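Q: Top line first, the protein sequences correspond to chains R and Z.
Heads up, the first sequence is in UniProt numbering, so the first residue is 1 and it goes up one at a time.
Heads up, the second sequence is in UniProt numbering, so the first residue is 1 and it goes up one at a time.
Derived CB-CB ranges, DEER-like:
1) L488(Z) x D367(R): 54 to 62 Å
2) S391(Z) x L482(R): 37 to 45 Å
3) S281(Z) x D136(R): 41 to 49 Å
Hint data in this document are derived by calculation from the structure and do not stem from the laboratory.
Keep in mind it's a predicted model, so treat the numbers as computed, not measured.
Glycine is no exception: its CB is placed at the ideal position from the N, C-alpha and C atoms.
There are 2 protein chains.
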Amino acid sequence: MSQKNNETFFDDDDILFAEETPDKVTVTDGETWKLMIVDDEEEIHDITRLALEDFTFEDRELTYLSAYSGEEAKKLIRENSDTSVILLDVVMETEHSGLDVVEYIRKELKNSFVRIILRTGHPGQAPERKVITEYDINDYKQKTELTAKKLFSSVTTAIRSYRDLKTIEKNRQGLEEIIEASANIFKPQSFRMFTAGVLTWLTSILHPDDDLLRSRISAFVATQEKGEFIIISAIGSFSEHVRTPVLKAVPKAVARDLTCAIEQKQSVFSDNAYTGYFSSSIGSDNLIYLESPHNLDELDKRLIQIFAHNVIIALDNIYLNQEIVDTQKEVITTLGEVVENRSKETANHVLRVAEMSRVLALKAGIDEEEAEILRLAAPMHDVGKIGIPDSVLLKPGRLTSEEFELIKTHTLIGYNILKNSNRRIMKTAAFIALQHHERCDGNGYPQGLKKDDIHVFVRIVEIIDVFDALFHDRIYKKAWELDRILALFKEERGKHFDAHLVDLFLENLDEFLAINDAYPDDR
Amino acid sequence: MSQKNNETFFDDDDILFAEETPDKVTVTDGETWKLMIVDDEEEIHDITRLALEDFTFEDRELTYLSAYSGEEAKKLIRENSDTSVILLDVVMETEHSGLDVVEYIRKELKNSFVRIILRTGHPGQAPERKVITEYDINDYKQKTELTAKKLFSSVTTAIRSYRDLKTIEKNRQGLEEIIEASANIFKPQSFRMFTAGVLTWLTSILHPDDDLLRSRISAFVATQEKGEFIIISAIGSFSEHVRTPVLKAVPKAVARDLTCAIEQKQSVFSDNAYTGYFSSSIGSDNLIYLESPHNLDELDKRLIQIFAHNVIIALDNIYLNQEIVDTQKEVITTLGEVVENRSKETANHVLRVAEMSRVLALKAGIDEEEAEILRLAAPMHDVGKIGIPDSVLLKPGRLTSEEFELIKTHTLIGYNILKNSNRRIMKTAAFIALQHHERCDGNGYPQGLKKDDIHVFVRIVEIIDVFDALFHDRIYKKAWELDRILALFKEERGKHFDAHLVDLFLENLDEFLAINDAYPDDR
Numbered sequence: 001m002s003q004k005n006n007e008t009f010f011d012d013d014d015i016l017f018a019e020e021t022p023d024k025v026t027v028t029d030g031e032t033w034k035l036m037i038v039d040d041e042e043e044i045h046d047i048t049r050l051a052l053e054d055f056t057f058e059d060r061e062l063t064y065l066s067a068y069s070g071e072e073a074k075k076l077i078r079e080n081s082d083t084s085v086i087l088l089d090v091v092m093e094t095e096h097s098g099l100d101v102v103e104y105i106r107k108e109l110k111n112s113f114v115r116i117i118l119r120t121g122h123p124g125q126a127p128e129r130k131v132i133t134e135y136d137i138n139d140y141k142q143k144t145e146l147t148a149k150k151l152f153s154s155v156t157t158a159i160r161s162y163r164d165l166k167t168i169e170k171n172r173q174g175l176e177e178i179i180e181a182s183a184n185i186f187k188p189q190s191f192r193m194f195t196a197g198v199l200t201w202l203t204s205i206l207h208p209d210d211d212l213l214r215s216r217i218s219a220f221v222a223t224q225e226k227g228e229f230i231i232i233s234a235i236g237s238f239s240e241h242v243r244t245p246v247l248k249a250v251p252k253a254v255a256r257d258l259t260c261a262i263e264q265k266q267s268v269f270s271d272n273a274y275t276g277y278f279s280s281s282i283g284s285d286n287l288i289y290l291e292s293p294h295n296l297d298e299l300d301k302r303l304i305q306i307f308a309h310n311v312i313i314a315l316d317n318i319y320l321n322q323e324i325v326d327t328q329k330e331v332i333t334t335l336g337e338v339v340e341n342r343s344k345e346t347a348n349h350v351l352r353v354a355e356m357s358r359v360l361a362l363k364a365g366i367d368e369e370e371a372e373i374l375r376l377a378a379p380m381h382d383v384g385k386i387g388i389p390d391s392v393l394l395k396p397g398r399l400t401s402e403e404f405e406l407i408k409t410h411t412l413i414g415y416n417i418l419k420n421s422n423r424r425i426m427k428t429a430a431f432i433a434l435q436h437h438e439r440c441d442g443n444g445y446p447q448g449l450k451k452d453d454i455h456v457f458v459r460i461v462e463i464i465d466v467f468d469a470l471f472h473d474r475i476y477k478k479a480w481e482l483d484r485i486l487a488l489f490k491e492e493r494g495k496h497f498d499a500h501l502v503d504l505f506l507e508n509l510d511e512f513l514a515i516n517d518a519y520p521d522d523r
Numbered sequence: 001m002s003q004k005n006n007e008t009f010f011d012d013d014d015i016l017f018a019e020e021t022p023d024k025v026t027v028t029d030g031e032t033w034k035l036m037i038v039d040d041e042e043e044i045h046d047i048t049r050l051a052l053e054d055f056t057f058e059d060r061e062l063t064y065l066s067a068y069s070g071e072e073a074k075k076l077i078r079e080n081s082d083t084s085v086i087l088l089d090v091v092m093e094t095e096h097s098g099l100d101v102v103e104y105i106r107k108e109l110k111n112s113f114v115r116i117i118l119r120t121g122h123p124g125q126a127p128e129r130k131v132i133t134e135y136d137i138n139d140y141k142q143k144t145e146l147t148a149k150k151l152f153s154s155v156t157t158a159i160r161s162y163r164d165l166k167t168i169e170k171n172r173q174g175l176e177e178i179i180e181a182s183a184n185i186f187k188p189q190s191f192r193m194f195t196a197g198v199l200t201w202l203t204s205i206l207h208p209d210d211d212l213l214r215s216r217i218s219a220f221v222a223t224q225e226k227g228e229f230i231i232i233s234a235i236g237s238f239s240e241h242v243r244t245p246v247l248k249a250v251p252k253a254v255a256r257d258l259t260c261a262i263e264q265k266q267s268v269f270s271d272n273a274y275t276g277y278f279s280s281s282i283g284s285d286n287l288i289y290l291e292s293p294h295n296l297d298e299l300d301k302r303l304i305q306i307f308a309h310n311v312i313i314a315l316d317n318i319y320l321n322q323e324i325v326d327t328q329k330e331v332i333t334t335l336g337e338v339v340e341n342r343s344k345e346t347a348n349h350v351l352r353v354a355e356m357s358r359v360l361a362l363k364a365g366i367d368e369e370e371a372e373i374l375r376l377a378a379p380m381h382d383v384g385k386i387g388i389p390d391s392v393l394l395k396p397g398r399l400t401s402e403e404f405e406l407i408k409t410h411t412l413i414g415y416n417i418l419k420n421s422n423r424r425i426m427k428t429a430a431f432i433a434l435q436h437h438e439r440c441d442g443n444g445y446p447q448g449l450k451k452d453d454i455h456v457f458v459r460i461v462e463i464i465d466v467f468d469a470l471f472h473d474r475i476y477k478k479a480w481e482l483d484r485i486l487a488l489f490k491e492e493r494g495k496h497f498d499a500h501l502v503d504l505f506l507e508n509l510d511e512f513l514a515i516n517d518a519y520p521d522d523r
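Could you build the full structure based on these sequences and the hints that come with them?
A: Encoded structure:
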């Protein structure tokens, strides 16, 4: 290729097409570089477009924006914050209109990305060294020195510089999203909430600023259940397939990728998709599959990997937490069972009382967290029976009044066993143990409390415990017919039991009977 | 200021001192911008230095690096990756030496930060448009067009661009550190480990690449105990003050900042210090104080705030987890106590057996995590006694052989109560309940297992349980003298008890007696 050594202003050169392979941000189809021309002479706009007619950089063409005054330029850049380059005249409506625009962009809009090439026909108005030093511009050209070749060079290096800044900035934004995502995925939460969050965050990390692109991503999380991966959370085109085995939900080509990841127990990327394999030391193995309408570039892949690293740790935390919480539940249930076992009641009485108490609490408007505390505390209400001798506790016939006085002490014994703890569950269990034979009409024991002085948790447990005791065979009696039980509750409504809670219980009787069916007495 | 319109090559201009106030990265004292001159003509080096003699940008001067060939330049940039700008000749040892250097920097070293100004005296060898398009350079100048004023402009805009890239890059690195830090601070761990980690990570976030600067930061975490903030982890000059109340550990000026943060319950920055106040919904309030030898710039402050946000969440997680784990321990202890209470033994027997079993396990080389499982499982070993009638369990005199057969069943009853769980603690408790009356010589019950068939956890619990039973009064006997107990262990070494474990127990007797003192029988 021949090069002329001296060119005139906007002399035309051969256009060389970019041969670089972009190794940073893969370009999204149809995107362009926005170039803004700011000049009060219409002619300058025309010849600039002409000179850059065939310009491309990394296969993207230019889109031109035109302003004819400083004020117009300010409006235009405000509306087009993704402008790559501004070719900016200095003297327009005032002698320093262009310089005002620079200040406005950098200081008011705080846009430090757009590359500003100052292009002046009056260097005396904007002396080069002064302007270069005092204003945050990226190039200074006198119109007389700006040949078509020079313009091409300036715009090319400016766009390259803009691309570099944007690449790091996209990386930075992705990392910020990951940090926000991490804060969220590490919050204590259910496995289901966690997986749904992971998917939403993945789309934000890939497209922090673009709702439309986010919405075009399809993805799911699947977890291994009995040797098969089942989709448990999904977005986009997989939304329909929750609770479906993965291999039935995806096209054959995708199934091949998934099978590969499952067999090798490791994550794989294809051009536009990510399959993450998450092996857990405790708990199940999990898969994350994500598919984008665009190819994933190196930066996308890197951000996904960084996020995936935190997902693994968060997943282990969740499983570990679940294990501790489950153990806690089982120990409490065992404690309840041990006590009930002593009075020859069945183990499932404890589970039924726990579950039914939780449900009645929710019906009464108590929040999830509190209801869960009640569920954990309720099974311990009879713990004091441990202090009652066999001869009284297991006596088949009617108790003497001395024996009854002895039985009554199980409320205080239970309270004393539990009261020294500072733990919320234990403190709750302690007052339930103490009060669970009080009656709304004040005729209960040990303190003879009346309705509002009895904690609502206790009023709930009393209804549930009596219902369950009557509804099943006990060593000293046969199960009652349902009608007879309901008659009793209506009779004791507002006397033994809280009237409003009895109403709620009766209104939702079907749900309580279903819990009874789930934990039968035949084990 | 007057400006000449036509300058000759390296004509001297007035130097304008930078008047910008840097609002991005605050400059560290003594730092300079590294400018590399690559040219095979010595004269070019000299006049370049002369032309830029008084150059400063944001109060930092230039440091010059000189190379006289492409190969020298490659070596020099390898050793000075923090170079801001290269003024690069094209034709040196070969006609494209300079272009080779560009390829080497961008593709081999992957340094995309240094700004490259190509400066050629033979434009025919390196045609502008071709070079600009094909090589990742940032400016192209023919030597004939590069006046001193133009050189000043080119270097200024290049350094400005380098600064912008580095600012985002420093931000990006800080965010990557935060992500790695988050992964670590969210791992399940003790409060102490967590606080030590937070301090180390804070220094890495501020100085990802610089060990020396990291080592010059002093910081501590303090937690509220009985109304006073006590330092629990510290680095730098505060290292000596762990377990000291904060207000006694710091100079008066710092104490004022801390008092202010404590009173307002919020975080404050001063020029070179950060005081973070972390109020927790559960658990204690905490303070983080950090003091740097340099002023903290806006970016530093922002990174600290982002990290602090994750610290709050991690802290809540730790407190919440601690609450669950503590509850679990208390429920298990209560279960043990309930059973022991039935046989009229004291509650602290359970706590002593748990703690002593853990210590003996550690002495036997079992790891912390396993030893903790043993500690939680051990208190449940006698749970089967719940199934033994009062008449036998509480009989003061000698048991008949039928009664003894009945007592023996408590191992199986306990096993049956616990065996159905999948939880690790419960499964461990189940086999301990089953085997805890086996003997190493095979004369135990229910299965008559011999030494190696009895799980090491069981062999540990047996020694501890028998020791504690003999060492304290029981309903059916007085406490034994220590000498008599030791004689029994020596006699039963290798018969009832595991010989090696008995040796370990006796060697560390002092520690076990200390545990006994910590949980006396007088409650």
